[in-house]
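A.B. asks: For the protein sequence lines, the chains are A and B, in the order given. Each residue of the first sequence is one higher than the one before, starting from 371 at the first, in my numbering. Each residue of the second sequence is one higher than the one before, starting from 194 at the first, in my numbering.
Because the hints were derived from the structure by calculation, they are not lab data. Computed from a predicted structure; not experimentally measured. Treat the hints with care, as some may be off.
[Stated by the list, open to error] Below are the DSBU-like pairs computed for lysine-lysine, each with C-alpha atoms no more than 30 Å apart in a straight line: (1) B:K373 x A:K1153; (2) B:K226 x A:K1153; (3) A:K1153 x B:K324.
[Said to hold, decoys possible] Listed next, the stretches of chain B that the computed footprint assigns to chain A, with coverage defined by at least 3 CB atoms under 8 Å from CB atoms of chain A: (4) 290-299; (5) 318-331; (6) 386-395; (7) 415-423.
Cβ atoms here follow ideal geometry from the backbone N, Cα and C, with glycine treated the same way.
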Amino acid sequence: MASTLFRKSITDLTRRRARAVFAVLTLAIAVASVGIFAAPSLMDQAMQDEVRASRLADVTLQTKPLLVTPAQLAALGRLPNVTGVQALSVVQTRVWLGERRQKAIVVGVPDYGRQPVDRVSITSGAAPRSGTVLTDVRNADGGRYDGSVGDTVRVVGVHDRVHALRVSGVGRNLEWSQLGVNGDFVVLYATPETAAQLVGEPGYSLLAFRLADTSTQTAKRTVDDVRSYLRAETSFTRFSDLPTIREPGSYPGKELFEQLATLMNVFTVLALLAAGVLVANTMGTLIGEQRREIGMMKAIGGTRRQIRRVYLRTALLLGAIGSVLGAALGVVIANLIVGFFGSTFFAIEPGWSVSRSVVVASLVLGVLGPPLTALPAIRRGTRIPVREGLEEVPSLEGGVRTVDRLLRQLTFLPRTAQIGVRSVTRRTRRTIATVVQIALAVGTLVGVLALMNSVTSTTEEAWNQLHYDLDLNTVVGKQLDAQADRLIRTTPGVEIAQPVLTNAVEAEGKDAFLWGLSPQPMFDQKVEQGRWFTSAEEGAGAPVTVIAKNIARAIGADVGDTVAIRTAAGPAELRVVGMTGTQMQNGLLLLTPLSTLRTVLDSPDTVNGYWVRTSSGEHGLIDRTTTALEDRLAAAGYSIGTNVRYVDQARNVDANRQISMAIGVLGFLIVAISMVGLVNAITMNVLERTREIGVLRCVGARGRDIRRIFAAEGIVLSLAGWLLGIPVGYAFARLLNWLLLEVVKIEFAFTFPPLNIVIALVGTVVLALLIMRLPLRRAVRFKPGDALRYA
Amino acid sequence: MSVTLTREAPVELPTHEPLIELQGVVKVYRTGKLEYPALRGVHLTIDAGEMVAVVGPSGSGKTTIMNMITGIDRPTEGSVIVDGRRIETLSEEQLAVWRGGNVGIVFQFFQLLPTLTAVENAMLPLDFARKGSKRARFETARHNLGLVGLGDKLDHLPAELSGGEQQRVAIARALAPDPKLIIGDEPTGNLDTQTAADMFELLQHLNDAGKTVLYVTHDLELASRAGRVVTIRDGVVVGT
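Generate coordinates for the entire structure from the input sequences, incorporating the hints supplied.
C.D. replies: Pasting the structure below:
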């Protein structure tokens, strides 16, 4: 008996091949969802490989153009803890692209053959020499610049002189490529001599270091050593911005990716939940069909234990095959996700790799999942009395409960629809499981749509806080003084110009931004607690600040507290007089009077930015005014960058849409898994009611009648899932909003537009009809004779 | 092998073509590598108005003959002509429509739809054929259920009916299109003796009303009450 039972476990699969194949594919899809867990670690691995290959800097220091000799550079390289140093000439400028000017950064690299830090790799063409440049591989994204080898790019230099530089090749750098994408810059790589021609003075404006010990404390000591050396040996006075110290293991965009990874894990958990319900449903159906065989085995002496083992073995076998397929599929899915995020957010093309731990977890879950989820059904099946199990009479279940009586009232529907609708209650467990799966899918869709709405509306609102049309800024080179002020205010098209001083700071140890604003700034203050500055405070340069909610939450600051900040010029303290809900700079913002920040930074006569409102909001005028300001300031020797609000706003909205789309892709995976559940349910219903289909054909039902019966059933399941999915979606949208606040530290206004519910309804019904085509086609293909003989 | 018709009681025979004619019908079932010849060349004619019992041991081909006549299965060779139509040439869709309008089938296990009431089951063929208004179909079904003695159980579900009552509903369903031919595959096989006898009387009554009734049975006593008995053994007709 033992070996016969063992064979039965196998032949149960081979006897009903179609059903076994379907069950295996369903299991494989469920197991593949585990693979999503691998995506964050694979992405991190790919980025760490990239960091090593590109020798990403551990510390970056910015200065005004500084002459440093090779001997001095070598000496910097011998400082304690320094393993590599690179000096770069970085110029912020513009390039002419046809009739328009596009923001650009030109990075002057001394020696492309020897780059100890922040390597620019040449992907095609040749290294630039004097008068030639490399174009960054990501310049074509977003329509910035699609020039190739041999083309000429016209770069605007100081005094508005245009330099025609030939493109000698294509290059890539982890830091600059990312900056180009995020900042909407055309990134070009040149020699320091070319950069000097552009800026009008020689010298390096950026020093990049690799360190032996990258801990923050040691890195800060190294920065102090560099500062001391430069003060002693060169004309250096101070860094133009706070030193950038890269945290060990971090890379450009890592924080963003970690935030996305957290969101990804939420979706993975949901996907696993959907997969779990799917597996349980599939195994429950498979075991439920074995009722007669179980009754027969019990009748001829089989014990419950023996019978349980038969079906557990079958479930194990199914799981083994499904898990191998699913693990392989999971590897594919994880790598596709990594490829998508890698190229979209980090401008890298990660190779394919495998997370062994996740593959092992997939295999274990895939093998053990089916038998575990089949246990309740096996238990139920083995407890059925022998007589009941052996009954030949087709099941008469369905039709006598309250819900069935209610469904029978729908007599206005065509008969085929009535049959389909009433069939929904014939297999209660399967129906409930299918409805839950669809509800998960609908809830995910609605939640993701709500999140996308929230992100878009909050972003739009944040931009609408600004009442200027463009801002100028200078980071390297000459700061904006009285002469610049005169030039700006007298430029045609300028209605109002407000000086602004901005600085990257640390507030109680957290990275933040400090803006020094003119009185009555062109900016909706959105003070939610406390107050704005008084005129007296602005006039006196009082050490006060209005702090954004996000950074306040991060450092535990409240109105009345004193916040310790560290700037490029040293430490300072500011008293919090108000709290604002602004999301500018992701809410990591401290605002202070301009006079205050001038004092803190010891910059009494200069600023590094202006906010400008033009005489009309017309885009053409804004563009012309921007061009005029750039020309006049460049001609006077100021190296500035400009940000045009309407362009940046559109780009920001588009970038947020990309993130929303990424979340949407993950959400779609859950929808796909859940919809497999619907296909599963309809297919099982068709297989189970094969004889009934034969009878229907015998009493005159045509193919379309059979299709309509099962289609009606599918649509009722979808509608029930949609109804349940609305509160699920609401809860999910709330969860995502909360997650964004906790993880990304951005507060998005919660929205739940009713239109999304309608979109979900249409989407659910259309998707259901599409995916049911295969099982419906199968239902129609049964020949009556075969159907009636089906056992 | 041709079979000469004999009649036990003199009846008025129409002088036209037989209602059912099987000519050299062969049916071979193929499952995997196995071939099973269920019918090995059957010649059979049945006139309109006859009541014929088909008997034979298990596996002899009785149900297969019924399936040939109703178009549920197709012959491997030979032809099947019912009411002047060669039904083996019809497509599945055409066969479904033809069955719904011309044949009433009564199954051994009733095969009612469990979620439809008695009257809904009884009007199902008319719903599929889209014959008449909803009201007219309802009236036809109600009338047929009255004929079979279930006029007071129109709204009962199959689960609320006894086996005999379910079979009566199945007969009422078979009568819905007012077919010339009623086919029963062991129509009393799942009923107790008394109920089976009642059921047979019903079939007899339908035959008396002019319908051709053809049924498969293991019950020799029931078979003997038919106008003609056709015996099948090993896929061939061995006697009447």
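A.B. asks: Each hint needs a verdict: does it hold in this structure or not?
C.D. replies: How the hints compare with the structure:
1. A distance of roughly 24 Å separates the Cα atoms of K373 of chain B and K1153 of chain A; the hinted pair therefore holds under the 30 Å criterion.
2. Distance hint between K226 of chain B and K1153 of chain A is fulfilled; the C-alpha atoms sit about 20 Å from each other, no more than 30 Å.
3. Our distance criterion of 30 Å between C-alpha atoms is met by K1153 of chain A and K324 of chain B, whose separation comes to about 24 Å.
4. Residues of the region 290-299 of chain B with a Cβ under 8 Å from some Cβ of chain A number 5, which satisfies the need for three, so the listed coverage holds.
5. With a cut-off of 8 Å between beta carbons, the region 318-331 of chain B has 4 residues touching chain A; three or more are needed, and the interface restraint holds.
6. Taking a C-beta to C-beta cut-off of 8 Å, the region 386-395 of chain B contributes 0 residues in contact with chain A, too few for the three needed, and the coverage statement is violated.
7. Restraint check on the region 415-423 of chain B versus chain A: 0 residues with Cβ-Cβ distances below 8 Å, three needed, restraint violated.
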